[in-house]
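Asks: Below, each chain spelled out in residue letters.
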Amino acid sequence: MVGKRYEIRLAGQGGQGLILAGLFLAEAAALYEGKYVVQSQSYAPYARGGASASEVVISDEEIDYPRVVKPNLIVALSQEAYDRHFRDLQKNGILIVDSSTVEHVDTSKAYLFETYMVPITEIARQATGKEMTASMVALGAISGLTGLVSGESIMAAIATRAPKGTVEINKRAVQAGIEVGNKLREGIGRE
Amino acid sequence: MAKQRFLQGSEACAEGALAAGARFYAGYPITPSSEIAEILSRRLPQAGGKFIQMEDEMSSLAAVIGASLGGLKAMTATSGPGFSLMQENLGFAAAAEIPCVIVDVQRAGPSTGQPTSPAQGDVMQARWGTHGDHPIIVLSPSSVREFYELTIRAFNLSEKYRSPVVLLADEVVAHMREKVTLPDPGEVEVIDRLEPTVPPEWYFPFDNAMDVPPLVSFGQGYRFHVTGLYHDRSGFPTMRQDEINPWFERVFAKIEHHLNDIVEVQEEMMEDADIALISFGASARSAQSAMRLARAKNLKVGLVKLKTLWPFPEEVVDRVSRKVGRIVVPEMNRGQIRLEVERVAAGRARVLGVNRYDGEMIAPAQIVNAIEE
Chain E
1 MVGKRYEIRL AGQGGQGLIL AGLFLAEAAA LYEGKYVVQS QSYAPYARGG
51 ASASEVVISD EEIDYPRVVK PNLIVALSQE AYDRHFRDLQ KNGILIVDSS
101 TVEHVDTSKA YLFETYMVPI TEIARQATGK EMTASMVALG AISGLTGLVS
151 GESIMAAIAT RAPKGTVEIN KRAVQAGIEV GNKLREGIGR E
Chain X
1001 MAKQRFLQGS EACAEGALAA GARFYAGYPI TPSSEIAEIL SRRLPQAGGK
1051 FIQMEDEMSS LAAVIGASLG GLKAMTATSG PGFSLMQENL GFAAAAEIPC
1101 VIVDVQRAGP STGQPTSPAQ GDVMQARWGT HGDHPIIVLS PSSVREFYEL
1151 TIRAFNLSEK YRSPVVLLAD EVVAHMREKV TLPDPGEVEV IDRLEPTVPP
1201 EWYFPFDNAM DVPPLVSFGQ GYRFHVTGLY HDRSGFPTMR QDEINPWFER
1251 VFAKIEHHLN DIVEVQEEMM EDADIALISF GASARSAQSA MRLARAKNLK
1301 VGLVKLKTLW PFPEEVVDRV SRKVGRIVVP EMNRGQIRLE VERVAAGRAR
1351 VLGVNRYDGE MIAPAQIVNA IEE
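So the sequences go chain by chain: E and X.
Just so we're aligned: 158 in our numbering is position 158 of the first sequence, and the numbers increase by one with no gaps anywhere.
Quick note, our numbering runs 1000 ahead of the 1-based positions in the second sequence.
Calculated from the structure, these hints are not laboratory results.
One should not assume that every hint holds.
Claimed, not checked - Taking beta-carbon pairs under 8 Å as the criterion, some of the chain E residues facing chain X (in silico):
no. : residue
1   : Glu27
2   : Leu31
3   : Tyr36
4   : Val38
5   : Tyr43
6   : Arg67
7   : Val69
We put the CB at the ideal spot given by N, CA and C, even for glycine.
Work out the full structure: start from the sequences and follow the hints.
Replies: Shown next, in the form of C-alpha cells:
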C-alpha cells in the first residue's frame, strides 16, 4: 500500500521516546515487510526537552533523498511540535495530535488534513504508567489506523531492538495504540 | 550467510573498521560521531582489539599513531571541533608516513556550531588543516552502505600508501539508518602494509627508491627513528637538500602515481547530460533526487558523485567540463568543492553552487531551481 514514497514524521520533545519509535517503525517496514526504508532524526543537544523529531521514509523503490520533504503523516506529541510541523503535511495527509499535550489546534486548516485528536499521553499513562511510552502508543495508532506496517512486524522489531527489560512495556503501549487506531479507523472511517 | 540488517551509518562504519582489520581505537567522544566510539568500545575488545578513551583529541590521534607504529590498524573518530585539535598530529602522520584512519563526522560549524546538525564545512580543513605541503587522502560516504565500504577502503589505502586517510562523513550519513546486507568477513578485500624483506641493517623506512617503502612494526628487532622533522631514509633529521627534495617528491608521487587506484567517483545518467551535478556525502542524495525530478521534466541532467574528495578528481571534472554546458555543485557549506570544480573547469563550463549552511540538508527542489535558472 506504500507506493513510491511514504513519509512519516514523529515530532515532540526530547525524552518522549520518538527516536526509538521511529526506529521500531522503520525496522518493522525494512526487515519484516521488505520495504526500502530510511530513518533519520533531528534533535536538540540535550537529553531531555528541546524539539525532537524522528523521520521515516518508506518506499517500494530505492530511496534517494533521505529526509522527509512533504510528510504523508505527522504525529505531534507537543504544542511546539504541532505548531512547527503541521503546515508541512501533504494535502489530505494524516495528522495525529496528542490531545493530552496539544491545547491549541488551528481549526482553520483542519479541512486540509485528516486530523485525529487522540489523548496519546493519557493512554500511555493508563497502559503502562509511564508517559515516556507515548511514542509507542502513537506507533501503534499509526499501524491500527493506516495499516502502513502490521502490528506483528512492529512487535517483532521491538522484540529484537528494545533496550533490555523494556520489551514488555513497549509492546503493551503499542498494543494500546493499535486498539485506538483500529477504533479510529472503524469509527471515523477513511472512505 | 550474509543477512539483511537495518543499520545506522555509525554502526556500518564500526563494522567496516572491524572487517578491515582495525584493532585499535583511541578517541574522545563528540556528537555526532560518538556512536562510532560507543560501538567500538564494545566490539573491539571482542575482536581482540583495544579501545581507549583519551583525555582529548590531540592525545587520541597521538595514541593512534603509536598503535599503528606498533603494527595495529588504528583509527579515531571525531567531529569538527575535535578534528581541529587533531591537525598537528595529522601532519605528523603524513610526514612520518604512518597509516591511520581519522573519521570526521561533520557537523555545523565553525567552532562548536550546531552539534546535532549536518554540514560539510570541513572539506578544505581535511585537505589543508595541518600546516605545510603534505599528501592526504580524503573519502566521503553518502549512504550507510558506502560508509561501510569506504571505511574498509580508508584502511586499505592507508596501509597501501602509508598515509593518514580522512573519512569525511556528515551527521546525516552517520545517524541515518538504512537496510544493508554486509558481506561475510571472508569476502572483504583487506590490504595490509608491506613489511620489509631485508634484514634490519639493510632496512630504510624512508627509502626514496620506491613510492611506498615497507613499514616494519616496532618490536621486531628493526630500529628506526620517527620524527616530524625533515628526515633521511633512516628517519633521522636532515637539513640536506639532496635528501629533503627527493623525500618531498616521493611522498607526493606515491599519491599522484596511483590516482587510478585512489580516486573514485560514481557517475549516473551522464551519457547524454548537458547539465552535471557534482556532489558528495549526504548532499549527493539531494542531488540524486534532484536529478530524477529534473529528468522527469525532460532536462538532461546527470550526477557525478565524488567518493574521493582528495586528491581532487581533476581528470573526471576536466572531462565533464568539456562535455556539459553547466555544472551545479550542491554542498552544505559556502562552496568549498565548487571552488575546486571552477579551478579545474577553467571557464569551459559555467559552474554554479547550491549551498546551505544553516544545519539543514539541501532540499532537492532547491537544486532543481538552480538547474532551471
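Asks: It remains to establish, for every hint, whether it holds in the given structure.
Replies: Hints and how they fare:
1. The interface hint given for Glu27 of chain E holds, since its Cβ lies 5 Å from the closest Cβ of chain X, which is under the 8 Å cut-off.
2. For the restraint placing Leu31 of chain E at the interface with chain X, the shortest Cβ-Cβ distance is roughly 6 Å, inside the 8 Å limit, so the hint holds.
3. A distance limit of 8 Å between C-beta atoms decides the matter here; for Tyr36 of chain E the minimum to chain X is near 7 Å, and the interface restraint holds.
4. Using the Cβ-Cβ criterion of 8 Å, the hint placing Val38 of chain E at the interface with chain X is satisfied: the shortest such distance is roughly 5 Å.
5. Given hint, Tyr43 of chain E at the interface with chain X, holds; its Cβ is 6 Å from that chain's nearest Cβ, closer than 8 Å.
6. Using the Cβ-Cβ criterion of 8 Å, the hint placing Arg67 of chain E at the interface with chain X is satisfied: the shortest such distance is roughly 5 Å.
7. Given hint, Val69 of chain E at the interface with chain X, holds; its Cβ is 7 Å from that chain's nearest Cβ, closer than 8 Å.
Checked against the numbered hints above, the structure breaks none of them.
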